[in-house]
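Trainee: Residue numbers (my numbering), protein chains in the order written: chain A, 105 to 323; chain B, 28 to 390.
Hints are supplied without guarantee of correctness; some may be wrong.
[What the hints assert, rightly or not] Derived pair list, reagent style DSS-like, types lysine-lysine, alpha-carbon separation capped at 30 Å:
#, chain 1, residue 1, chain 2, residue 2
1, A, K142, B, K250
2, A, K174, A, K298
3, A, K143, B, K369
Source of the hints: derived by calculation from the structure; they are not laboratory data.
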Amino acid sequence: MDANELLIWARGPGFDIALTIFVVGMLLRLLEVLALGKKPDLSAPRGSGPEGAVRTLIARTLPRKTVFDKEPLRIINGYVLHIGFFIVLFLYGPHIAFFESFLGFGWPALPSGIVDAISAITILSLIAALVFRMNNNVMRFLSTPGDYIAWAVTLLPVLTGYLAYNHLLLPYTLMLALHLLSVELLLVVAPFTKLTHMFSFAMARWYQGYQAGRRGVES
Amino acid sequence: MNDLTLGERLRQRGVSRRGFMKFCAATASMMALPPMMIPKVAAALEQAKKPSVIWLSFQECTACTESLTRSHAPSIEGLIFDHISLDYHHTLQAAAGHAAEHAREEAMKEHWGKYLVVVDGSIPMGANGAYSTVAGHSNVDTMHEVAEGAAAIIAVGTCAAYGGLPMADPNPTDAVSVEDLVTDKPIVNVPGCPPIPTVMTGVLAHFLTFGRLPELDHLKRPKVFYGQNIHDRCYRRPFYERGEFAETFDDEGARKGWCLYKLGCKGPTTYNACATAKWNEGTSWPVEAGHGCIGCSEPRFWDAGGFYQALSVPTSDVGSTILTAGAAGLAVGAAAAVLNKKTKGAAVANRETITIKDLSKES
Numbered sequence: 105m106d107a108n109e110l111l112i113w114a115r116g117p118g119f120d121i122a123l124t125i126f127v128v129g130m131l132l133r134l135l136e137v138l139a140l141g142k143k144p145d146l147s148a149p150r151g152s153g154p155e156g157a158v159r160t161l162i163a164r165t166l167p168r169k170t171v172f173d174k175e176p177l178r179i180i181n182g183y184v185l186h187i188g189f190f191i192v193l194f195l196y197g198p199h200i201a202f203f204e205s206f207l208g209f210g211w212p213a214l215p216s217g218i219v220d221a222i223s224a225i226t227i228l229s230l231i232a233a234l235v236f237r238m239n240n241n242v243m244r245f246l247s248t249p250g251d252y253i254a255w256a257v258t259l260l261p262v263l264t265g266y267l268a269y270n271h272l273l274l275p276y277t278l279m280l281a282l283h284l285l286s287v288e289l290l291l292v293v294a295p296f297t298k299l300t301h302m303f304s305f306a307m308a309r310w311y312q313g314y315q316a317g318r319r320g321v322e323s
Numbered sequence: 028m029n030d031l032t033l034g035e036r037l038r039q040r041g042v043s044r045r046g047f048m049k050f051c052a053a054t055a056s057m058m059a060l061p062p063m064m065i066p067k068v069a070a071a072l073e074q075a076k077k078p079s080v081i082w083l084s085f086q087e088c089t090a091c092t093e094s095l096t097r098s099h100a101p102s103i104e105g106l107i108f109d110h111i112s113l114d115y116h117h118t119l120q121a122a123a124g125h126a127a128e129h130a131r132e133e134a135m136k137e138h139w140g141k142y143l144v145v146v147d148g149s150i151p152m153g154a155n156g157a158y159s160t161v162a163g164h165s166n167v168d169t170m171h172e173v174a175e176g177a178a179a180i181i182a183v184g185t186c187a188a189y190g191g192l193p194m195a196d197p198n199p200t201d202a203v204s205v206e207d208l209v210t211d212k213p214i215v216n217v218p219g220c221p222p223i224p225t226v227m228t229g230v231l232a233h234f235l236t237f238g239r240l241p242e243l244d245h246l247k248r249p250k251v252f253y254g255q256n257i258h259d260r261c262y263r264r265p266f267y268e269r270g271e272f273a274e275t276f277d278d279e280g281a282r283k284g285w286c287l288y289k290l291g292c293k294g295p296t297t298y299n300a301c302a303t304a305k306w307n308e309g310t311s312w313p314v315e316a317g318h319g320c321i322g323c324s325e326p327r328f329w330d331a332g333g334f335y336q337a338l339s340v341p342t343s344d345v346g347s348t349i350l351t352a353g354a355a356g357l358a359v360g361a362a363a364a365v366l367n368k369k370t371k372g373a374a375v376a377n378r379e380t381i382t383i384k385d386l387s388k389e390s
């Protein structure tokens, strides 16, 4: 199978299969959590649940001083990684064309050179994240294979995209096919690793914030 | 007349020494040769004898011939093309029927082992090759017969090089490319739909100059012409870099000449010389005319999704996949939720009372 064939497969059947697994898997995981439900809380509320939920949604997006003071680099790296990934995913012209194809609307793209630089920063940030994990005894001890798999499948699309754009290592067509395949790998793996947090983070924060808010507890 | 060298023939046609040297310099630079090679190119071309060429047209649309016979006529490239002894070309030759076939057989006999074969069109293998026949011979039989005594084969056009449109899904005639069929001869692929005339004459000039075929890439294309992709040499590339894309063929971006990526341009995955060599005597080329590259010189470009679908957009319908998978996901999720509830209910129902005694280490 040559590069063109691989690209045709990755753009067609391959993407379909991966997207189906992603959507079904993600809904399965989220619905399972939602269906757990909770017992009716009969106590008189001491505060507002929704207010606490919104507060937590925001608060957990911002750095917490006590944690930040302890490991500022790791926290900053977390922001760099996430923001970098978002910019590369949503503000690169060809990616916008992809979203536009099924959303029906697009948005302005960033200059490719800037996205290129940001993807390089994101790659370095992901490597730094691994170094932080390996260098911290507690984190290393708590890490499961799932953590490393999640890390690898997140790195691969950014890395192959960067290599494709800059014509490094392999011919562009082959690298583009590998880039799409790595995205497909991410889609397949995401529902079954901690990468579910891309959706569940809001649910979790809402739930915990709501509980705390209702009890009048700071969160 | 047939014994004339290329130099003599060109002088006979009134081409000046200066004009000839200019052509040699252009050819040398086109083939990425160092300047010191120009006199060598000139000397070799000057002395080049008329090579015998047998041109086989199979499942094709004649656009390759149309393209090549109009190569910058009446320029020196055109004369180079005139210089070859086109002993058989059933579209161009005056002879017809048995006389034409006879000319081919004669040329083969006379130049056995030395003639060049140019092929345009794919070769149908289905129904024992009956989908395309010339003078009662199937294309596949002719290909094998003519290839046997060939010095080299030049597969002109994407059909001959990779199967092209006849091979498009579902490939009703079971079409194959030249290299699928002939494995024991040097083959050069000059893909394109049609290929650029100067690329074709460049390959011929190279053969006349050095007596061998140019350096090829992994798809058997001459590296000098197919070494870089359209996107990298595109004059609209700065717009891509700035994230400025035409969204439709008549919007402001299109009028300003912005990048055509979102309109389906396949420039990034297409390796050809259009962006530099251009068409019609260097007048223009598809992207300059306002239409994205369709990747016509790449294998299987015909099955690679819509021409107007951006390269980053999957060829399948993403929206309907999401909806279908979404519905399936809801059903699976609901089923899992019911199952989990049942398991939980059963566990609660069957729970055994445990006392502190049961938990003590001695038990």
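Trainee: Which hint numbers doesn't this structure obey?
Mentor: Hint 1 is the one this structure does not satisfy, whereas the remaining hints hold.
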